[in-house]
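Protein sequence lines correspond, in order, to chains A and B.
Its first residue numbered 25, the first sequence is counted upward by one per residue in the working numbering.
Its first residue numbered 25, the second sequence is counted upward by one per residue in the working numbering.
Please note: incorrect hints may appear among the correct ones.
Given that identical chains are not distinguished, each listed pair holds provided it fits within a single copy or across any two copies.
Said to hold, decoys possible - Subject to a maximum C-alpha distance of 25 Å in a straight line, what follows is the list of computed SDA-like cross-link-like pairs (lysine to any residue): (1) 383 / 506; (2) 207 / 424; (3) 249 / 424; (4) 213 / 244; (5) 171 / 477; (6) 207 / 455; (7) 95 / 412; (8) 171 / 504; (9) 207 / 236; (10) 207 / 245.
It should be emphasised that the hints constitute simulated quantities derived from the structure, not laboratory data.
There are 2 protein chains.
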Amino acid sequence: MKITWESPLLPPSATTKEGALKPMDAEQLREHAHRMVDFIADYYKSIESYPVLSQVEPGYLHEHLPDSAPKHPEKLESILDDIQQNIIPGVTHWQSPGYFAYYPSNSSIAGFLGEMLSASFNIVGFSWVASPAATELEVIVLDWVAKLLKLPKQFLSSGHGGGVIQGTASEAVLVALLAARDKMLKIGKSSLGNLVVYASDQTHSALQKACQIAGIHPENFRVIKAYSSTNYSLDPEVLRKTISLDISTGLIPFFLCATVGTTSSAAVDPLSALGKIAKAYGMWLHIDAAYAGSACICPEYRHYIDGIEEADSFDMNAHKWLLTNFDCSLLWVKDRSALVYSLSTNPEFLKNKASEEGKVVDFKDLQIPLGRRFRSLKLWMVLRLYGVENLQNYMRNHIKLAQQFVEFVNSDPRFEVVTPQMFSLVCFYLRPPPNIQDDGYKLNKSLLGAVNSSGKIFMSHTVLSGKFVLRLAVGAPLTEERHIKEAWELIQEQASILLGSLSL
Amino acid sequence: MKITWESPLLPPSATTKEGALKPMDAEQLREHAHRMVDFIADYYKSIESYPVLSQVEPGYLHEHLPDSAPKHPEKLESILDDIQQNIIPGVTHWQSPGYFAYYPSNSSIAGFLGEMLSASFNIVGFSWVASPAATELEVIVLDWVAKLLKLPKQFLSSGHGGGVIQGTASEAVLVALLAARDKMLKIGKSSLGNLVVYASDQTHSALQKACQIAGIHPENFRVIKAYSSTNYSLDPEVLRKTISLDISTGLIPFFLCATVGTTSSAAVDPLSALGKIAKAYGMWLHIDAAYAGSACICPEYRHYIDGIEEADSFDMNAHKWLLTNFDCSLLWVKDRSALVYSLSTNPEFLKNKASEEGKVVDFKDLQIPLGRRFRSLKLWMVLRLYGVENLQNYMRNHIKLAQQFVEFVNSDPRFEVVTPQMFSLVCFYLRPPPNIQDDGYKLNKSLLGAVNSSGKIFMSHTVLSGKFVLRLAVGAPLTEERHIKEAWELIQEQASILLGSLSL
Numbered sequence: 025m026k027i028t029w030e031s032p033l034l035p036p037s038a039t040t041k042e043g044a045l046k047p048m049d050a051e052q053l054r055e056h057a058h059r060m061v062d063f064i065a066d067y068y069k070s071i072e073s074y075p076v077l078s079q080v081e082p083g084y085l086h087e088h089l090p091d092s093a094p095k096h097p098e099k100l101e102s103i104l105d106d107i108q109q110n111i112i113p114g115v116t117h118w119q120s121p122g123y124f125a126y127y128p129s130n131s132s133i134a135g136f137l138g139e140m141l142s143a144s145f146n147i148v149g150f151s152w153v154a155s156p157a158a159t160e161l162e163v164i165v166l167d168w169v170a171k172l173l174k175l176p177k178q179f180l181s182s183g184h185g186g187g188v189i190q191g192t193a194s195e196a197v198l199v200a201l202l203a204a205r206d207k208m209l210k211i212g213k214s215s216l217g218n219l220v221v222y223a224s225d226q227t228h229s230a231l232q233k234a235c236q237i238a239g240i241h242p243e244n245f246r247v248i249k250a251y252s253s254t255n256y257s258l259d260p261e262v263l264r265k266t267i268s269l270d271i272s273t274g275l276i277p278f279f280l281c282a283t284v285g286t287t288s289s290a291a292v293d294p295l296s297a298l299g300k301i302a303k304a305y306g307m308w309l310h311i312d313a314a315y316a317g318s319a320c321i322c323p324e325y326r327h328y329i330d331g332i333e334e335a336d337s338f339d340m341n342a343h344k345w346l347l348t349n350f351d352c353s354l355l356w357v358k359d360r361s362a363l364v365y366s367l368s369t370n371p372e373f374l375k376n377k378a379s380e381e382g383k384v385v386d387f388k389d390l391q392i393p394l395g396r397r398f399r400s401l402k403l404w405m406v407l408r409l410y411g412v413e414n415l416q417n418y419m420r421n422h423i424k425l426a427q428q429f430v431e432f433v434n435s436d437p438r439f440e441v442v443t444p445q446m447f448s449l450v451c452f453y454l455r456p457p458p459n460i461q462d463d464g465y466k467l468n469k470s471l472l473g474a475v476n477s478s479g480k481i482f483m484s485h486t487v488l489s490g491k492f493v494l495r496l497a498v499g500a501p502l503t504e505e506r507h508i509k510e511a512w513e514l515i516q517e518q519a520s521i522l523l524g525s526l527s528l
Numbered sequence: 025m026k027i028t029w030e031s032p033l034l035p036p037s038a039t040t041k042e043g044a045l046k047p048m049d050a051e052q053l054r055e056h057a058h059r060m061v062d063f064i065a066d067y068y069k070s071i072e073s074y075p076v077l078s079q080v081e082p083g084y085l086h087e088h089l090p091d092s093a094p095k096h097p098e099k100l101e102s103i104l105d106d107i108q109q110n111i112i113p114g115v116t117h118w119q120s121p122g123y124f125a126y127y128p129s130n131s132s133i134a135g136f137l138g139e140m141l142s143a144s145f146n147i148v149g150f151s152w153v154a155s156p157a158a159t160e161l162e163v164i165v166l167d168w169v170a171k172l173l174k175l176p177k178q179f180l181s182s183g184h185g186g187g188v189i190q191g192t193a194s195e196a197v198l199v200a201l202l203a204a205r206d207k208m209l210k211i212g213k214s215s216l217g218n219l220v221v222y223a224s225d226q227t228h229s230a231l232q233k234a235c236q237i238a239g240i241h242p243e244n245f246r247v248i249k250a251y252s253s254t255n256y257s258l259d260p261e262v263l264r265k266t267i268s269l270d271i272s273t274g275l276i277p278f279f280l281c282a283t284v285g286t287t288s289s290a291a292v293d294p295l296s297a298l299g300k301i302a303k304a305y306g307m308w309l310h311i312d313a314a315y316a317g318s319a320c321i322c323p324e325y326r327h328y329i330d331g332i333e334e335a336d337s338f339d340m341n342a343h344k345w346l347l348t349n350f351d352c353s354l355l356w357v358k359d360r361s362a363l364v365y366s367l368s369t370n371p372e373f374l375k376n377k378a379s380e381e382g383k384v385v386d387f388k389d390l391q392i393p394l395g396r397r398f399r400s401l402k403l404w405m406v407l408r409l410y411g412v413e414n415l416q417n418y419m420r421n422h423i424k425l426a427q428q429f430v431e432f433v434n435s436d437p438r439f440e441v442v443t444p445q446m447f448s449l450v451c452f453y454l455r456p457p458p459n460i461q462d463d464g465y466k467l468n469k470s471l472l473g474a475v476n477s478s479g480k481i482f483m484s485h486t487v488l489s490g491k492f493v494l495r496l497a498v499g500a501p502l503t504e505e506r507h508i509k510e511a512w513e514l515i516q517e518q519a520s521i522l523l524g525s526l527s528l
């Protein structure tokens, strides 16, 4: 669609006739934002023409930008030119259909519209009164998603629990850890130095960081090795033994983090067994389903979170795979008051009738920062503009594409699928030829470098049992069947070149 | 300006002919986003017609929304209708010209455009490689602002220091506190239980929260009372005595938080004197200039941060008064490695050549979360689209408007300006008539309630030396002289009604 303008003689200006700045003139907003919409739509139209992984060198931007801020205003057009010429080459295009690295960071039209609206209200929703709609929509929409996930009733807002949007899964695990820590310290049965945290070595590094922040002694962070024999999921028996040993030396187990869809291989920890252990020892059980949680809105994948009944907190990132622009991490807890106990402050300047009467929830007390954006808008718009069925099919399609990629890999004896495909992630590697001195580490690292340098796709890697493994995570909104096929052909081609050079 | 469309026969659809979701179709993005731009521009045009403080009752939204997410897609128009009918009544309009509460949260056209662009790239810039432009632009633009503020060279990126965008000032003080904590623990001269934090009782509650999170013992958080005699700034002599006493009992002073522009009354702590004390005792000095820092880009206000030379970290919120949409808190440190020591993790799945070669900064290691948005874009666009002179004049104008309000208050003997006007904040109160049994607390609380219930303006309050004080913070981008006048007339009118009812 093309837009035509009724050209005014003079465009709306950022300043009044007297020269005063009008940073919020509605007509200039309209004009400039329409221009930006076209810039963005054109970006998406041409997104496949850019290298997925930015190919710039460190420090590239310094050469292109001045050393100091301009004294006088510049035109939007010259800024847009600069974005095209100098910023975009330094962007790694997470929205490109050739993006298969880490896990996805979905943008969508609905999510984007929600971000626009949120940025225009630009409220800071720390308390209910600061913008009641922000708090209330968040409560309602997180109940919606909780129902899609069939979370136990205790996670709904009708009782003592409920959902709250965090920025990231890192913040979610941190607030859960703090709540668990302070619950233990409150009852006075332990000092900080005695508290022990448990998780598998496949758990996201966010937990280690959370422990550092919360002052958990590094020696009290039990990282339990997970093996290929359990597909890199946490072995409940090893956990139980580790806990017993700690208790026998006077330590206090208090926090267990289980993962549904680990970052390396999308492994799923056995929630039911872990839940029983957590319950037996009075530990807080946090479930990190940052990536894979979204898939659990499909009935056929819901079983991956069976056992969630014993969890105290559950987190998934709508900003990964659920088409809600970053950031939007959904945390549900059974007991909001545990978070509030850890994180609330009540300064005079924020006191207000609604909070004092206890009729409302003030989300400032369930998160690290005070301020917060109106993030529920974008999630609400995604759910409404697409509907649940479309969202389910969206994820099913990505999982199907990943299956297709598995078939490609299996069809080429030079390659090997390393772990069973989970959700939309494929972990695979190029087998080292017997005639070279390499266990495959260098070979696969080189292959990854070659593939990513091509600019056609961007994949990332992990190391599993010492093996350098390539990860292809399907999940970008624009990815279609042809992109999977092209990715595979590129990988094969680069592998041939690499193996050819080795056999010389 | 009006936009006309070349109407297509069928609008771009969210699904393919086969029914698969196309959540990122460029033409549908274009159409929908243009529609949203008009919705937003119209919102700004009519913003004065809405009550500034939302007048809804707790739980209002439940009646208007269904209990669960829709199975099938809904039309954008019906969602926009819902926003108009059900969301906007629950919004407290921080962008309204009648918004004078807390401190401002500026939106601007430039900031809004930056948010749009950032949401469309939707990158997650944890490491340099995840999108080099995001890291590099942030480094450059924070150098720009550091130069505007004439920060000491050590805060620039050319040495060991530099700037990093945090979500909020709460996160900024938390990461500073963690860096200071771990620096002390690293040298092994103290245990966590011995570390003491110092600040005045006017310091933002974010510091208390940071202490709770970092595991600082509540008894080791020294809240030093500030008095009207020093205009609510921290008395260096009292601080010195408090520190001496702590040292004599074996405690270790390690963190001092000074504020430039406190939340209650925009008080300014004496940085030079505090810096000397911090230096003498080897303490980390953090300066929280969340609100007032922006004004310090004007030469005539720069003296408020004189003494910053001895600080280790300095924070100001571009999202308050510097026309950059929320969130965008600018933190500068002299020694990035102190943050990295506290906050870094190095999981295999994030390893990459650029990081391993040490040529780049990975901002994940200077903040709480792993993921981060491309927030430098909006700050860069604000600086370029407006230019430094306009930004300085923008703040000068707000300060002038606040002065005007002070004159209004002074002209009415029923009222009193409580603390000297600092920046664009006026703290005032209605004197209780001698014939009533009230020290003014109830009276001013009632006045605030009446004024805010009118919907015409939104102010907030604080308590200073037991006195309930009204705060009028000028700073919304649309506020003009007439709004100040109207606000004052409304306050006078409501005071007359209130005093009249008392004398009956």
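Taking the hints in turn, this is what the structure says about them:
no., hint, in the structure
1, 383 / 506, "neither (53 Å within a copy, 36 Å between copies)"
2, 207 / 424, "neither (44 Å within a copy, 50 Å between copies)"
3, 249 / 424, "neither (31 Å within a copy, 64 Å between copies)"
4, 213 / 244, "both (17 Å within a copy, 21 Å between copies)"
5, 171 / 477, "neither (43 Å within a copy, 37 Å between copies)"
6, 207 / 455, "neither (50 Å within a copy, 46 Å between copies)"
7, 95 / 412, "between (50 Å within a copy, 5 Å between copies)"
8, 171 / 504, "neither (30 Å within a copy, 47 Å between copies)"
9, 207 / 236, "both (18 Å within a copy, 13 Å between copies)"
10, 207 / 245, "both (18 Å within a copy, 21 Å between copies)"
Comparing the model with each earlier hint shows violations of hints 1, 2, 3, 5, 6 and 8; every other hint is respected.
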